[in-house]
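So the protein sequences, as listed, match chains A and X. With this note's numbering, the residue at position 78 of the first sequence is 78, and numbering never jumps. With this note's numbering, the residue at position 81 of the second sequence is 81, and numbering never jumps.
To be clear, the hints were calculated from the coordinates, so they are not data collected in a lab. The beta-carbon is built from N, C-alpha and C at its ideal position, and this holds for glycine as well. Do not rely on the hints blindly, as some may be mistaken.
[To be verified] Subject to a maximum C-alpha distance of 30 Å in a straight line, what follows is the list of computed DSS-like cross-link-like pairs (lysine-lysine):
id, chain 1, residue 1, chain 2, residue 2
1, A, K88, X, K28
2, X, K28, X, K58
3, A, K71, A, K88
4, X, K58, A, K71
[Said to hold, decoys possible] Per label pair, the in silico range of CB-to-CB distance:
id, chain 1, residue 1, chain 2, residue 2, range
5, A, L92, X, P75, 18 to 26 Å
6, X, N47, A, L49, 16 to 24 Å
7, X, R26, A, T33, 37 to 45 Å
8, A, E77, X, Q33, 27 to 35 Å
9, A, T33, X, E78, 30 to 38 Å
10, X, E72, A, K88, 19 to 27 Å
11, X, R26, A, G30, 40 to 48 Å
12, A, K71, X, Q33, 19 to 27 Å
13, X, P49, A, D93, 12 to 20 Å
14, X, A67, A, T46, 27 to 35 Å
15, X, E25, A, S91, 40 to 48 Å
16, X, I73, A, V36, 28 to 36 Å
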Amino acid sequence: MTPNYRFTLVGLAVAILTLTGCTRGADISGGETLAVEAGCVACHGTNGLGTGPTFPNINGQHANYLYDQLKRYRTGERVNVIMNEQVKQLSLDELDLLARYYAAQ
Amino acid sequence: MPSIRAFVLAGLALLPYVALAGDSERGKDLAWQYRCMTCHGVEGRSNDPRYPRLAGQKPAYIIERLAYFQAEIEPFNEMNGQARPLTEDMKRDLAAYFSEQRL
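The following block holds chain X by itself, in its conformation from the complex (with noise of 0.2 Å):
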């Protein structure tokens, strides 16, 4: 039966994708809890041209930006002690949350 082994196989292959997938319903209350609407706006709309919109922008590039604040690359960068309190299931629920959002 190739067919039903290709389709297994090939939801062993998005297993990752689906587990690693933040919850944005959690990352909603998470944005509130770490105080991420004060600069990128409710929703991620950011009115304010020093802090950038992540209404719609890439989960993977959210959470790569996040480790980047949490590596302290930039010393006097205002988002290192936002990032660094977060854990990994929570850097994907945030990026979950403000990939969600319509620009």
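Pulled out of the complex, with its shape left as it was, chain A reads as follows (with noise of 0.2 Å):
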């Protein structure tokens, strides 16, 4: 094997590597369908927009940041009466599902 093949090699491994990465990260299916059941879109619809004066918009949403709050409701460090209930019955994987669906909105 000459070291320019090896290189081609090593680097088409590393583009294999990061395209599934970002498509795993970037997959939201099934994410609708847990945002109805989960009940998350009586108050945020299943575009993010909020419902209600109180009730936040959270399309376009950071992920990361929703579902940080997510995980905080289900300890409870965050207070909310509507909120820690309805995260109670989730999963972390689901939380992180539902995070990156609105985020995509």
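Hints in hand, dock the two standalone chains.
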């Protein structure tokens, strides 16, 4: 194997791994279904727009921020009568999917 | 004259909302003065995934959040100290400013 060929192979491997990582992170399939089933849509819609004056718009928000806040609701660190109940039934993976789904709206 | 009476009544009913709406020009000055932009970005479009974007957010939600931080419900939240000096008027002005920005 010539050094040049080895370079190409390593470059290709890095490119493939990067692309796979990107698509996995961006995969939000099932997000809308979960948002409906978990009841998020009652206050945040499927598009992330709050349906009442104190229901925040969460469309286009940072997924990282949304996930962090959902976890805080789960531990009770962030206190909100509605949200603390809403997240109880959801796993961390589900919270992550919901965060990425609404961030992408 | 039922129509005039209805008009006056409607005006009176809307009065609190008009009076309660913040001043976004003052809000903009406050946002710079109190360094909101450092974390939430210029015009509320934060580029740091740790900090929420505030552009286009609902004013009532922003006011509620600031009051929440003032109540220090989350003891170590960095927003508690930021919100502490804000008056009711200042919270309304900041909420008006950020809510009027485009996401």
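To see whether the hints hold, each was checked on the structure:
For the given pair, K88(A) sits about 38 Å from K28(X) by alpha-carbon distance, which is inconsistent with the 30 Å threshold. Among the hinted pairs, K28(X) with K58(X) is consistent with the structure: their alpha-carbon atoms are about 16 Å apart, no more than 30 Å. For the suggested pair K71(A) and K88(A), the alpha carbons sit about 10 Å apart, so the restraint of at most 30 Å is met. A threshold of 30 Å between alpha carbons decides the hint, and for K58(X) with K71(A) the separation of about 22 Å falls inside it, so the pair holds.
Checking the proposed 18 to 26 Å range against L92(A) and P75(X) shows it holds: the Cβ atoms sit about 24 Å from each other. Distance hint check for N47(X) and L49(A): the Cβ-Cβ separation is about 22 Å, which falls inside the suggested range of 16 to 24 Å. A hinted range of 37 to 45 Å holds for the C-beta pair R26(X) and T33(A), which are about 44 Å apart. At about 29 Å, the CB distance of E77(A) to Q33(X) agrees with the hint of 27 to 35 Å.
The beta-carbon spacing between T33(A) and E78(X), approximately 35 Å, falls within the hinted interval of 30 to 38 Å. Judged by the Cβ atoms, the range 19 to 27 Å given for E72(X) and K88(A) holds: they are separated by roughly 25 Å. Range check, R26(X) to G30(A): Cβ separation about 44 Å, and the 40 to 48 Å hint holds. Between K71(A) and Q33(X) the beta carbon distance is about 32 Å. The supplied range of 19 to 27 Å is therefore violated.
In this structure the hint that P49(X) and D93(A) lie 12 to 20 Å apart at CB holds, the actual value being about 19 Å. Look at A67(X) against T46(A): about 29 Å separates their beta carbons, and that is inside 27 to 35 Å. At roughly 46 Å, the beta carbons of E25(X) and S91(A) sit within the given window of 40 to 48 Å. Distance hint check for I73(X) and V36(A): the Cβ-Cβ separation is about 30 Å, which falls inside the suggested range of 28 to 36 Å.
Comparing the model with each numbered hint stated earlier shows that hints 1 and 12 do not hold.
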